[in-house]
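Line by line, the protein sequences are chains A, B, C and D.
To convert, count from 1 in the first sequence and add 9; that's the numbering used here.
To convert, count from 1 in the second sequence and add 9; that's the numbering used here.
To convert, count from 1 in the third sequence and add 9; that's the numbering used here.
To convert, count from 1 in the fourth sequence and add 9; that's the numbering used here.
Incorrect hints may appear among the rest.
Copies of the same chain look alike in the list, so a pair counts if it works inside one copy or between any two.
[What the hints assert, rightly or not] Below 25 angstroms or equal to it, Euclidean Cα-Cα: the simulated SDA-like pairs (lysine to any residue) are:
#1 133 <-> 115
#2 84 <-> 132
#3 103 <-> 138
#4 84 <-> 140
#5 84 <-> 145
#6 84 <-> 105
#7 100 <-> 111
#8 103 <-> 79
#9 100 <-> 137
Since the hints were derived computationally from the structure, they do not count as laboratory data.
Quick caveat, the model's predicted, so the values are computed rather than measured.
Number of protein chains: 4
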Amino acid sequence: MSMNPYMRDHAFYLPIRVYYEDTDAGGIVYHSNYLNFCERARTEWLRHLGNGRDWLREEFGLIFVVRRATIDWRKPARLDDLLLVETRMTKLGKVRMHMQQTISREGVTLATVEIELVCIDHAKFAPVELPESLLAHLPPLPRDLTR
Amino acid sequence: MSMNPYMRDHAFYLPIRVYYEDTDAGGIVYHSNYLNFCERARTEWLRHLGNGRDWLREEFGLIFVVRRATIDWRKPARLDDLLLVETRMTKLGKVRMHMQQTISREGVTLATVEIELVCIDHAKFAPVELPESLLAHLPPLPRDLTR
Amino acid sequence: MSMNPYMRDHAFYLPIRVYYEDTDAGGIVYHSNYLNFCERARTEWLRHLGNGRDWLREEFGLIFVVRRATIDWRKPARLDDLLLVETRMTKLGKVRMHMQQTISREGVTLATVEIELVCIDHAKFAPVELPESLLAHLPPLPRDLTR
Amino acid sequence: MSMNPYMRDHAFYLPIRVYYEDTDAGGIVYHSNYLNFCERARTEWLRHLGNGRDWLREEFGLIFVVRRATIDWRKPARLDDLLLVETRMTKLGKVRMHMQQTISREGVTLATVEIELVCIDHAKFAPVELPESLLAHLPPLPRDLTR
Chain A
10 MSMNPYMRDH AFYLPIRVYY EDTDAGGIVY HSNYLNFCER ARTEWLRHLG
60 NGRDWLREEF GLIFVVRRAT IDWRKPARLD DLLLVETRMT KLGKVRMHMQ
110 QTISREGVTL ATVEIELVCI DHAKFAPVEL PESLLAHLPP LPRDLTR
Chain B
10 MSMNPYMRDH AFYLPIRVYY EDTDAGGIVY HSNYLNFCER ARTEWLRHLG
60 NGRDWLREEF GLIFVVRRAT IDWRKPARLD DLLLVETRMT KLGKVRMHMQ
110 QTISREGVTL ATVEIELVCI DHAKFAPVEL PESLLAHLPP LPRDLTR
Chain C
10 MSMNPYMRDH AFYLPIRVYY EDTDAGGIVY HSNYLNFCER ARTEWLRHLG
60 NGRDWLREEF GLIFVVRRAT IDWRKPARLD DLLLVETRMT KLGKVRMHMQ
110 QTISREGVTL ATVEIELVCI DHAKFAPVEL PESLLAHLPP LPRDLTR
Chain D
10 MSMNPYMRDH AFYLPIRVYY EDTDAGGIVY HSNYLNFCER ARTEWLRHLG
60 NGRDWLREEF GLIFVVRRAT IDWRKPARLD DLLLVETRMT KLGKVRMHMQ
110 QTISREGVTL ATVEIELVCI DHAKFAPVEL PESLLAHLPP LPRDLTR
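Isolated chain A, as found in the complex (with noise of 0.2 angstroms):
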C-alpha cells in the first residue's frame, strides 16, 4: 500500500503508520492518539482539496475547532500497523461541519470517529459563518445535507 493519501468517492483516504510515540505499555496505541490522527487526517483532506488551513486563516481569518466527537475504539492497533483514515463530510450548517472518520487496517475497522466542528473567527474567538467562497471549495454532500 502506498502512503500517499488519496480521495475516493467524495472521501479521502490518509494512511498513518504507527510508531513507539503513539503505543503504550499496554502493547497498543494509545487511545486518544486516534483523535490525532483523524486531526492529521481533517488537515491533510483541507491540503488536498487544493488550499490548507494556512489559506483559511490568512485569506478569511478563520480555524475550526473541534466542539463535539464521539469515538467508538472497536479492536487496538498495534506498533507497525499501517492505518488507513477516512475522511468524509456528512454535513455542512452554517457555522458548523460534521465529519465521519474511520481508521482501519487491512479493511478491518478499529475504530470510528463522529465529529463536529465549529468555524471560529481567529482573532474574536467566536463563531462565524461559513464564507460562500470557501463553501465552493468543498466536496459534493450526501444527501442528509441540512443547510
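Place chains B, C and D on chain A using the hints.
Chains B, C and D in isolation, oriented as in the chain A frame:
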C-alpha cells in the same frame, strides 16, 4: 488550591496543571489531551479507592479499556491553567462501567466527557465480568444503577 | 512520598507519576517524555521561586527556549512509577542558563539531563540579556558560576 | 517535494509534516518532539533496509534502545512545515550504534541530534552483541568505523 486529589460526595477530584507539552500552536490545550487528563484522573481514582491498576492486574488479571467516549469541548484551557477533573461513576454493568468526567477551571466547565469502559481479561484480551470482590471496593452509585 | 514539590539545598524537587500516556509498547516510559518531565520541573521551579512564566512574559517580554540538551537514559521508568525530578542551575551567563536535571525512582537515578536555555525576547524571537531584576529572584549558584 | 522516504549516499531521508499535535503554545514544534521525529526516521530506515523491527525482534530477540542523545535546537519548526529528517550511521561498535540525524526545512538545518543506541536482548533487557547476520544488512559506514 492544593495540588492533591480528594473525594467528595462520591466524586473524585484531581487537580492538573497545564504545561507547554499539553498545548498547541492555537495557544490552547490540544483537544485530545483532555482524554489524557481524564485517564490520569481515573487512574488516581482507582489508586484513591485503595487499590491501583497493579492490584487489578495482579489480583484479577483484569484491565479496563476505553470502549466509547463522547467529548464536549466548551471552552479552551490554556498554558499554566490549574484544571480540576471531576470523575464520577454513573452506571455499572456486568462487564461495563460508565463514567462522567468534567474538566473545569475555577468553577467554569471547560469540557465534559462520557466514558464507557470494558473490563478485559488481560491474557485473552476478551471482556469478562467484574468480580464481586472488586465491586466491594467501588464507591456507592447513584440511583440509576442498572446492574 | 508526597506529590508536592519542594526545595532543598538550592535544588528543586518535583514528584511526577507515570501514566499510560507516558509509556510505549516496550512497556517503559517513551524516551522523549523525560524531556517533558524536565520541562514540567523547570516550570514548577520558576513558579516556586515566586514568579511563573506569566510574570517573565508579561513583566519582561521574555521566554526561555531550550537550545541544547544531553540526555543519558540509564534505566527505564515504568507505568505507575512515582518519579522524582531534581532541578539545579549550574551556570548562568548573560543570555544563557545551564541546568542539570536528574530523574530518579526511590533513590535510583534513571536519567540525567543537561540543559542549556537561552533567554529570548518574545516579540523579536531574538536572544536578549537576562535583566538584573530577574536575577534577584534566582537561587544562589554553585561555585562554578561564570557570569 | 514527495512525502516518500529515500536513500542517498548511505543516508536515509524521511519527510515529516508538522501537525497541531506537534506544536505548543509558543507557536513552534515542542522541543521533545524532534526526538519523536528522529525515532520515526530510524524506524523507517530499518524498514527501508528491508527488515523492520519485527524482524529484529522475531529473528534475533533484539531491540535497540536509546542510551544517550545530544540535541541542538537551532531554529524553530512551525505548524504545516514539511521537514526532512536525514539519518546516518556514524559508528558501529559491538553492542552500540551511533547515528547522526538532522532535521531541516527547505535546506535549512533546524536541529541536529547525535544518538547512541544499545542493542538489547529483549527477554533479559541486557546489552548483547550485534549478530553478524544483522550486520550484513546495514549500509556501509564512513571511514571512522571503530568496530
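Going through the hints against the structure:
1. When the C-alpha separation of residue 133 and residue 115 is checked against a cutoff of 25 angstroms, the pair qualifies only between copies, where the shortest distance is 22 angstroms, while the shortest distance within a copy is 43 angstroms.
2. Taking identical chains as interchangeable, the C-alpha atoms of residue 84 and residue 132 lie at most 25 angstroms apart only when they sit on different chains, with a minimum of 15 angstroms there against 40 angstroms within one chain.
3. In the homo-oligomer, the alpha carbons of residue 103 and residue 138 lie at most 25 angstroms apart inside one protomer (5 angstroms), although the nearest pairing across protomers, at 46 angstroms, exceeds that limit.
4. Taking identical chains as interchangeable, the C-alpha atoms of residue 84 and residue 140 lie at most 25 angstroms apart only when they sit on different chains, with a minimum of 24 angstroms there against 39 angstroms within one chain.
5. Proximity of residue 84 and residue 145 under a CA criterion of 25 angstroms is satisfied in neither setting, with 37 angstroms inside one chain copy and 30 angstroms between copies.
6. For the identical chains of this complex, residue 84 and residue 105 are inter-copy neighbours only, at 16 angstroms across copies versus 30 angstroms inside a copy, given an alpha-carbon limit of 25 angstroms.
7. Only within a single protomer do residue 100 and residue 111 lie at most 25 angstroms apart by alpha-carbon distance; the minimum there is 16 angstroms, versus 28 angstroms between protomers.
8. Taking identical chains as interchangeable, the C-alpha atoms of residue 103 and residue 79 lie at most 25 angstroms apart whether they share a chain (21 angstroms) or sit on different chains (23 angstroms).
9. Taking CA atoms no more than 25 angstroms apart as the test, residue 100 paired with residue 137 passes inside one copy only; the shortest distance there is 17 angstroms, against 38 angstroms between copies.
Comparing the model with each numbered hint stated earlier shows that hint 5 is the single one that does not hold.
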